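Starting from the given sequences, assemble the full structure and let the hints guide the process.
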Amino acid sequence: MRNMTFISLLSLLLPVSAATAQSFHSGGVGSCNGCHVIHSSTSGPTQVLLQASDPSSICLNCHAGSGGSNSISVLSQDGSALSPGGDFYWLTRNYSWTGGQSPGYRHGHNVAALDYNLSSDPVRIKAPGGSYPSARLGCTSCHDPHGRSASGPALAGSGSYGDVTPPGAALGTYRLLGDVGYEAGGSSFGYSFNQPAPVARQSSTARYGENDASHVDYGSGMSAWCGNCHAGLVNNNHMTGSSSFRHPSDANQLLTPAVIDIYNAYVKSNDLSGAIDSAYLQFVPFERGVSDASQLDPVSRRGPGAGAKVMCLSCHRAHASAFGHSGRWDFTAELLADSHPAPADSGATSNDVINSYYGRDISMEFGTNQGQFCEKCHGGQLP
Amino acid sequence: MKKNAWNHPYCLTLFSLAAVLYGAGTAGAGIKADFQYMLSDFSGPIPSQWARLDVDRHFREIYTFKRGERQVQIFNENGMEIFAFELQDNAAMVTDMTVGDDGSIYLLANRGGTPAIITLDYRGEPQGRIELSGLPPAMDAFHSDRLVHRNNSFYLLDSTSLRIMEVNDSGTFKTLHRLGVQLQNMAAEQDRERKRTQGLEIGGFAVDDQGVIYFTVPVLFAAFRLNQAGILESFGRSGSGPGKFGVVSGIAGDEHGNIYVSDRLRSVVMVFDHNFEFLGEFGYRGHGEGNLIVPDDIAVDGKAGKIYVAQAANRGVSVFRLVFQ
Chain A
190 MRNMTFISLL SLLLPVSAAT AQSFHSGGVG SCNGCHVIHS STSGPTQVLL
240 QASDPSSICL NCHAGSGGSN SISVLSQDGS ALSPGGDFYW LTRNYSWTGG
290 QSPGYRHGHN VAALDYNLSS DPVRIKAPGG SYPSARLGCT SCHDPHGRSA
340 SGPALAGSGS YGDVTPPGAA LGTYRLLGDV GYEAGGSSFG YSFNQPAPVA
390 RQSSTARYGE NDASHVDYGS GMSAWCGNCH AGLVNNNHMT GSSSFRHPSD
440 ANQLLTPAVI DIYNAYVKSN DLSGAIDSAY LQFVPFERGV SDASQLDPVS
490 RRGPGAGAKV MCLSCHRAHA SAFGHSGRWD FTAELLADSH PAPADSGATS
540 NDVINSYYGR DISMEFGTNQ GQFCEKCHGG QLP
Chain B
14 MKKNAWNHPY CLTLFSLAAV LYGAGTAGAG IKADFQYMLS DFSGPIPSQW
64 ARLDVDRHFR EIYTFKRGER QVQIFNENGM EIFAFELQDN AAMVTDMTVG
114 DDGSIYLLAN RGGTPAIITL DYRGEPQGRI ELSGLPPAMD AFHSDRLVHR
164 NNSFYLLDST SLRIMEVNDS GTFKTLHRLG VQLQNMAAEQ DRERKRTQGL
214 EIGGFAVDDQ GVIYFTVPVL FAAFRLNQAG ILESFGRSGS GPGKFGVVSG
264 IAGDEHGNIY VSDRLRSVVM VFDHNFEFLG EFGYRGHGEG NLIVPDDIAV
314 DGKAGKIYVA QAANRGVSVF RLVFQ
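First to last, the sequence lines map onto chains A and B. As numbered in the working numbering, the first sequence has no gaps in its residue numbers, which increase by one up to the final residue, 572. As numbered in the working numbering, the second sequence has no gaps in its residue numbers, which increase by one up to the final residue, 338.
Just so you know, the hints here were simulated from the structure itself, not pulled from any lab data. Some hints could be false.
[What the hints assert, rightly or not] Some chain A residues near chain B, calculated using beta-carbon distances under 8 angstroms:
# : residue
1 : S220
2 : G223
3 : H228
4 : N259
5 : T394
6 : R396
7 : N540
[As the list claims (entries may be wrong)] A few chain A residues that don't get close to chain B, going by computed Cβ distances all over 10 angstroms:
#  : residue
8  : A253
9  : R364
10 : N425
11 : D466
12 : S467
13 : S483
14 : R490
15 : G568
These numbers were taken from a predicted model, which means no experiment stands behind them. Yeah, the Cβ is synthetic: ideal placement off N, Cα and C, and Gly gets one too.
Next comes the structure, spelled out in structure tokens:
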């Protein structure tokens, strides 16, 4: 009996030891003390030993701060978190100008993180194209804070950087995105993912940056994964009817040869002198159509080839952007030089203007006549 | 020259004997922290989210910088706003602010990745721009995000490349501390699988009047002291009990060598002596006047015995008076 008790106690300790070896987000999570307060210092409400207003506020304890290509921040105070997903800062910025406005809540996913002044979507009550309630949207709606929900071999490292899986082990999903069976927003909620985490790879030297020469290289499955919450938006046809325009984006939406040719030749409006080896544009990423992350190259500037696909993130950012609809560019500006936020806008700072296009001066680089980046795939003739 | 009573060892002993530890917002045998007030104007406490803080040690004024609004606010020693202005230079990204010994305001500006220091007078009028010079090779990739001015030197931090550069008042290069190898070795000792070596980032950053540099690395659950001889020391253990580190953030040192560390997760400010012995902590998450919500930057006015704590949740800056036993 004494031995059994000892073994039982030992079995309780083992998961803790294994978790400790995992460290922060290297595929899983092991530093319990980074998120959970075992000995609550106050008698106030706590949720699974999380001492914060909500789970997203826990995430932002580490992921809020100044940005940079190696900064883990996704919430800055000036739009400087220029990660591929974008900066939740934009949700806090409301812009208006003569004849228009761009309210912050339309700039991205309205995650609730009250400690950081982020609140739920004031208009929508559920996800567009789905049923996920807006009031429950938070970091853990998409990211699995403990790495991977499904059972399987021990996680040996991150799944974000194309690492080779050690024998007998597994890697985490890309950016800890919820996999099949992930209970988004908590197990008590009962909302389970049915689409697997996408295949993608980020540079291991600039882990949180994005430019034409260093970016997330997307492989496959991104749009289908977004469909875990937005299934009604993941479609295979242009939908124009009585509803608003929708771009095809489902998992089988290959770029046509004509689109591939335009992408690779397009440099800027009225300039199709480019070549495939330098065609990649950070504002219009695409999936290369491969399911093995080791075949992806996040420092390649090569444009799409056969098998490449359009995806939700070809036009949108996953977190937030300076523009409406979480667009990678201002969908409402006929000429991107006229994008908002602009210097004269009410509510705009100079930092906002600089960071809206990730530090790139669109007029200087692409010209004052640069049109919508839809042209990157469609040239001057939009369908 | 008038000697500062705080510097006298017998006075410290008297303080120790006289002080009585009490208050729900304080734990630990070595200090007592009394909440004083929030930084305010005539309408009441001024909301702010993780404002940057610095103290004008000559006039006992506290300066705050709200990066999102690009606004500098100046408060007197009683915590009342006496002046405020918004930055007008629209050409540069301003990421930090520090106060000079003469009351000048220095802004860390970045444009195209090149740091520069903009000088303003106390009314916010531009006085000039200090360009960095004499930099060693390979400094082009130095993306500074923090700036501190102490004793005629500027200290610039690149928090993700783990480097600290010191230049003189004219911007001429003095020295560079490359901390990457030491911190990565420490990470490897903590984690044999070397997973934490990826993504190390400095959180809090401060320099005291003696030129001693303090900083925190949250993922290592550790705080650091780098003295002028270049010796790096660390302290701290992860945990949720008193004196343990959750997600450490802001840090500051006073003229006695005491070290103050804020913890975002535990919502406390911990105090350690110069031997890294835990003296006590105060705050704790809550909405009481002495509580804290996700504290970040801290500034210490040792002569006035005050500590300023910037918080999240738009809660503003809380001011405490510290008494050491």
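*Was R364(A) rightly flagged as not at the interface, with every chain B Cβ beyond 10 angstroms?*
13 angstroms, holds
*With d taken as the least Cβ-Cβ distance between A253(A) and chain B, does d exceed 10 angstroms?*
Given that some Cβ of chain B is not farther than 10 angstroms from that of A253(A), nearest at about 8 angstroms, it is violated.
*asked:* Please check whether the beta-carbon of N425(A) is more than 10 angstroms away from every beta-carbon in chain B.
replied: 39 angstroms, holds
*At a threshold of 8 angstroms, is the proposed contact between H228(A) and chain B supported by beta-carbon distances?*
At 5 angstroms from the nearest chain B Cβ, H228(A) passes the 8 angstroms test, so the hint holds.
*Say whether it holds or is violated: S483(A) keeps its Cβ farther than 10 angstroms from all Cβ of chain B.*
It holds; S483(A) is separated from chain B by about 18 angstroms at its closest Cβ, greater than 10 angstroms.
*asked:* Next item in the hint list is N540(A). Is there a CB on chain B closer than 8 angstroms to its CB?
replied: 5 angstroms, holds
*Taking 8 angstroms as the limit, does the beta-carbon of G223(A) come near enough to a beta-carbon in chain B?*
6 angstroms, holds
*Interface hint status, N259(A) versus chain B (Cβ within 8 angstroms)*: 4 angstroms, holds
*Classify the hint on R396(A) as holds or violated, based on whether any CB of chain B lies nearer than 8 angstroms to its CB.*
7 angstroms, holds
_For R490(A), is the shortest CB-to-CB distance to chain B above 10 angstroms, so the non-interface label stands?_
Holds: least Cβ distance 20 angstroms, greater than 10 angstroms.
*Beyond 10 angstroms from every chain B Cβ: check whether that's true for G568(A).*
31 angstroms, holds
_Restraint satisfaction for S220(A) [CB to CB of chain B, less than 8 angstroms]_ = 7 angstroms, holds
When the structure is compared with the earlier hints, violations turn up for hints 5 and 8 and for no others.
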